[in-house]
Every structure is written in C-alpha cells, then in structure tokens.
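Undergrad: For the record, the sequence lines run as chains A and B.
Here this note's numbering is used: the first residue of the first sequence is 249, the next is one more, and so on.
Here this note's numbering is used: the first residue of the second sequence is 9, the next is one more, and so on.
Mixed in with the good hints, there may be bad ones.
As the list claims (entries may be wrong) - Cβ-Cβ distance ranges computed for the label pairs, FRET-style:
#, chain 1, residue 1, chain 2, residue 2, range
1, A, 424, B, 487, 43 to 51 Å
2, B, 248, A, 383, 40 to 48 Å
3, A, 385, B, 260, 39 to 47 Å
4, A, 282, B, 531, 49 to 57 Å
5, A, 447, B, 537, 38 to 46 Å
6, B, 34, A, 282, 35 to 43 Å
7, B, 531, A, 416, 51 to 59 Å
8, A, 431, B, 419, 52 to 60 Å
9, A, 281, B, 415, 27 to 35 Å
No wet-lab data here; the hints were simulated from the structure.
We put the CB at the ideal spot given by N, CA and C, even for glycine.
Listed here are the chains, written in short residue letters.
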Amino acid sequence: MRIRGRLAPTRAVSPHRGSEADDAALIAAARLGDGAAFSRLFRRHADAVRTRITRLVGPVAERDDLVQKVFIALHRGLPAYRSEAKLSTYLHRIAVNAAYDHLRGRQRAAENEGPLDAAALVEQLGPALDDQVAARADLARLLALLDQLSPKKRIAFVLVAVEGCSLAEAAELIGDREGAVKQRALYARRELLARLAAEAREVPPVEGTS
Amino acid sequence: MIRGRDPGAGAVEGEELDRLCDKLARFEAPFDEITRSRAEARLSAELERQPGRGNRRMLRRAAALLVVGAAAGAALTVRAVVTTRRSHVAGGPEPAPRFEPYVVAPTAGGGATTVPETLEQPASRLDVPAGWLLRASLGDAIAITLTGPAHAWSERAAGSGQTVVHLDRGQLLASLEGGTGRRLQIVSPGAITDVVGTLFSVEVVGGASRVAVAHGRVRVGSAPGPLGAPPRAPREIAAGQSWLTTLPEPDEIEPALAEALFEHERTPPPRGATVPLSVIEAPAGAGVWVGKRRIASAPAWMLVESHVAVRLSAPARVAAPPADPFPPPSTEPAQERSRPGSAPPARATTPAGPRPPLTRSGAESTEPPAFAPPEEMTAQTLFREADAARAAGDTGLALRTLRTLVERFPREAATAAARYELALMEETAGYGDAALRDLAAVDIPSLEEPTDYLRCRVLAKQTATDAERCLADFRRRFPASAHDADALGAETALAMVRGGCPAAQALLAELERRYPKHGSAVRLRAACGSKP
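The following block holds chain A by itself, in its conformation from the complex (with noise of 0.2 Å):
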C-alpha cells in the first residue's frame, strides 16, 4: 500500500496573488483595525477559498456563506494569529473546518430530507455548452459519490487525491495526525472504487469499510 504524489502543484488551489510579505503587512493593518486592509486580504484570498470550498463540499449554494464565515473567523482569530504560520494554510485550515462543519450538517438533514441531488447542483452552475456537458457529467457523478462518504472521509481523499496536498500539508489543514488522514484517505478510496464496481454491475452498492 502506498500514497504517491499524482497532482501536479498548479492543479491544487493557488492560494493568492501576492508575496507573503504583502499579507503580512495587511495583517498587521487590519490588527490596527484598519477594514480596507482587512477587504484587500479578502480580494487576495478570497478566490482560493471559494474554490477550495467548492471542491470539498461541492458547488453548493451556501458556499458563499462558508466564505464569508472564514473570513469572519480570520477577523476574529486575527490577534491570535502568529505570523510564523503562513496565512493561506491558516485560511485554508479554517476553510477545511467549515467545510467539515457544513457536511456534518449536511450528513444530518439528509438522515430527513434524502441524499443531495448533484446533477441539480451542477446544473445550477449555468448553462453548459458541447464540450461541458460531459464535464458536467463527469463532476456530478463523482460529487454524488463522495455525498456517500463520511466528512472525515471526505475531506481527507479530496485534499489528498484531488487536490495533490502531501499527507503532511492534509494533515496539517485538517489538525491531525498524517496516519489518520492516509487512513481516511484510503478507506475513502476503497469506498468509492467499491461503489463504482457496483454502479458496473448495476447491483446496490454495499456498505464501506470503516
């Protein structure tokens, strides 16, 4: 059993436009209580954190609302914050955890009000032209899969297997131990190749390990 590496860097979430040294000195404004530094680090990160989002709980329409949450709780975390950290893994932490949160609720009205429909998700997205249809396709037959996961779960694959991060950097945006998360990460995985052996030979899929 092994965990390769298999996403090139440009295909996990850019954090910003922008050296580190420009986020600290906006940081340090806003401490002040300065609100236009504090929207300038909105414009700069904002766009990370949105797709970051999308890609974890799906495009979803309270995705802004997660946004906005993790840059309300930056503000609120912003005496605390230790610039030896880097901002983006702070912000992104803080994102993975809204992101869990909301899929712990999610996973809770769905025990009510049935599994979250992704093909009408996606379709929110706009109209698809030709050459997005299949696209379209494509990500709402894996947004379904990965409803059938547990947040742990979830969240560990996609960091890892989507996103490209390092068990370490998962590791560190999730807050545990690298173990844990190649753990969640493969049971993860194991889950969805069993369901999409079940979805081919058109038979309910079975329950996951774990």
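Got chain A sorted already, so can you dock chain B onto it with the hints?
TA: Same frame as chain A, now just chain B:
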C-alpha cells in the same frame, strides 16, 4: 493518487475514479467581479455588526461578572424550574438563541402608542401584550411575527443544534430560509411542528394548536398538551392547508391568515448596520416605507438599516406604494433619511427615554431628499450601500449611490463594477443611451464579456441592425460564453425580423444543433414551421 488493495474493484474502476478526480481537480470556482464585490460588501456589513476587540474584551468581563451573579441566583431557582419545565429535546437545552425584535407596532384598533420597552430588547423569551405585533429575527434564517397576547420562548437542542421555539399562547407566523442544516421546530400545545424552509403559522387554540402553511410543507407530530391527548402519527401539512390538531383533516388556509403570512414575508429582518427609529408621533396609521416595502404602520418602533431612506405615507394613502423606481416628486407628507454612520449599529443600544419622532404630521417637505453621501465614504462603502438599496427594492437610491461612486472615485477598482451595475439598471429602466455610455467606460478585462453582452441587449431595444452585428461579434469574441445560447437565440430572432425565416435559416439550424432545448429554438422553429 492513493493506491492500495482495491477489494471488489479492478483497474477499470481505479482509472475511472482517477479520471473523475481529475475533473474535480480542474474545477475552479473563483468569484466573478460582481459576486466578489457583493461578497465583500456582505462581509464588511457583517464585521461592522460585530463588536470591536476592545468592546469584546469588556463584554467578556461584563459577561463573566454577570455569570457569577446570575449563578448565585440561578442556583436558588434552578431546582424549581427544572422540575416544572423539562425540555422536549433529548439531551437538554444549550444556550437559547435570542429573538431580536425589528418591528414593534400596535395591531389595528389597539390604540396604544407607547412601545413596551421589553419588546425592544433581544431576549430568548417574548411576552407580547394584547394589542401589539412584534416581528423578530432568530438567527440568520428565521423571522417570526407574534401577535399579542402571545408568549414564546426559544432554546437550542443539544446535539443537533436545532432551534426550538415553544409557543405557549397566541399566534406565531414564521418563515425559515431553506438551506442545508437549517431546521426549526415549534412546540405548542398538542403539536410539534418540524420545518425546513417554509412560511407558516402556529396558533394556540385552547389546549390544541392550529398549523397553517403558505409556502412549503411542515410535519406536525404530537406534543404533550394540557388535555393529555393520546399520541398520534405525524401528519404533513402542505401549502394552502390549515389544520387544527383536534380535527381529523386539514382545511384550507383562511385568506386573512394567508395575507398576514405574506405580509410577514414581505417584512424581512434588516441585515447589516441598523439604527433604531420610532414613528410614535406620526399620524396613526401612516405607512412606513423602505424603498417599495411598507414595513410598518405608525405608531411603531423599528430597526432599519443605517443607509436606507425611510419614508412615511399619509394614513389615507397607505394602500398606494410608490411604483416607479425613479419616482417624480412625492406628495407624501415627509421623508427622512436615516443617519448613515451616525448611530451605533448594535441592536441592544436602544435609546433611553422618549425617542425622537421620525417625523411629525403635516411635515413640510414634499420632495424626495437629494442623496449626498458623507464625503468620508469609500468606494467600497458606496458600492455596498447601493447593493443594499437595490436589495431593498429602492432602485432610485441604488442608481444615485452608484452615480456618486463613479463621480467621486473614477479610478477605483470598484468603479468599473459600479458602471456595469449602473448600466444593468439603466437598461432595465429603459435608459439605453445612459447604459451605453456607462458600458463604454467599463475597462476591466474580467467584465469584458458581460459588458459586451449587455451592450448587445441595449442595442436590441434601439437598432436591430446594430444589435445583430453586435451579437455576431460577441459570439465570435466569446465562443465559450455562458450567454452564447441566449446571444444566438437573439441573433436568430433579429435575423428573422429582418428577412423572415429564410434569412434566419442558418442561424436557426445552428441554434437547434447546439441548444435544441433552448426556448428560442423551440419558439423560432414553431414560427418557421418544420423547415425554415
């Protein structure tokens, strides 16, 4: 890639999973320029509502002192409370969410003019006296209206975090914005009503409850009532139905109740910075308007967003809302702008003593106020104000605010977005030339595509030939645009107007080939028959 032994799955599934993951890895979801500006505006408004760090520290200290004091008192009473009131929610209650009142007004015929101070304060228990109506928000997604006499209290279910409202007496109208994980439970005599995104009411009728639904659907289970009724199976109540829990079948919702529910829905809680206003000394029955919304009748006390223009209408004219987004000089008695930035945004800081009236009867001005934002307002603040004005339905104020923005800050990043928004509203209002002027000045690459498309839409209302050329050019420049189907449909329709079905033949064929289900394809095909 994570690889391991894949029980029950072969290499084919592995490759398929990798392929699907690759699609998600390539899926980027950045904000577009407009959405980012709006998100930034919402964030700024939200941060303004949060107490400052210094204040938070003071609040924490004050809260700690309060907790110590309250703990001593609570210890004396908790035993009695626990024995008399047990939560219906497994695991016991978490800290209760608070109702935050935003409109307090006497009901018709109530005759009262002094707002009870207890109704102005955020609280987890509400006791609304007879003759009063109170609208309050509960968290981000719930708004309620209580018509007195009514008593309600809230709690947070342990574990699930679900908001639970207990209605002991009176009538409660409620709306819940749907969303994942957003749930609400109303516990009333004989009924536990579970809701996920809907507009409904619960009324205590003797020892039972009447549940009515205007939008969506609720599920009503049994709750212990004073009559000790036996438990029954949960029942779903759909839109348009009203059910008294002691009757076997639901009935149709009463028109007056349906209207009250829609009125409740039309009066959502204010978001962003708010200031308290009173209209106690205005003529009884005068309407209080924010944009096109009539939010209350005088006398009333309410919270309004700090930037909005609040207008009073005379009692005799309360049924005539301003219809034109660019209204001519008003004949209504008075209009006053709430003071931007002058009042503290915190809701808890209700002014002490008699509140200043918003206006007096027979006030002098008949002109809408000229909009003169304070000089210190930034481009972002102005953009935010315009966005909120538009959300409140006040297109006129939104237009004036955006116009101020582009005049004061011609080189700011937000200005291009403001010009595009201006053009959008001008196009809708029929000011095509103004829209074209603003579009010509939009100069950032990310807005190029929507700007070009909007220009074609404006031209389509002016000169068909120019519009046709514009659309063809747009489709050449942005072949992957999300507007492509609409642009092709419009171009086809214009060609048909110019030269009939033969002139549109090629375009219609392309439309049918690329977007067979598009509305224009179906409509134009019908117009041209089976073959163009």
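Undergrad: Check the structure against each numbered hint from earlier and tell me which ones fail, lowest number first.
TA: none
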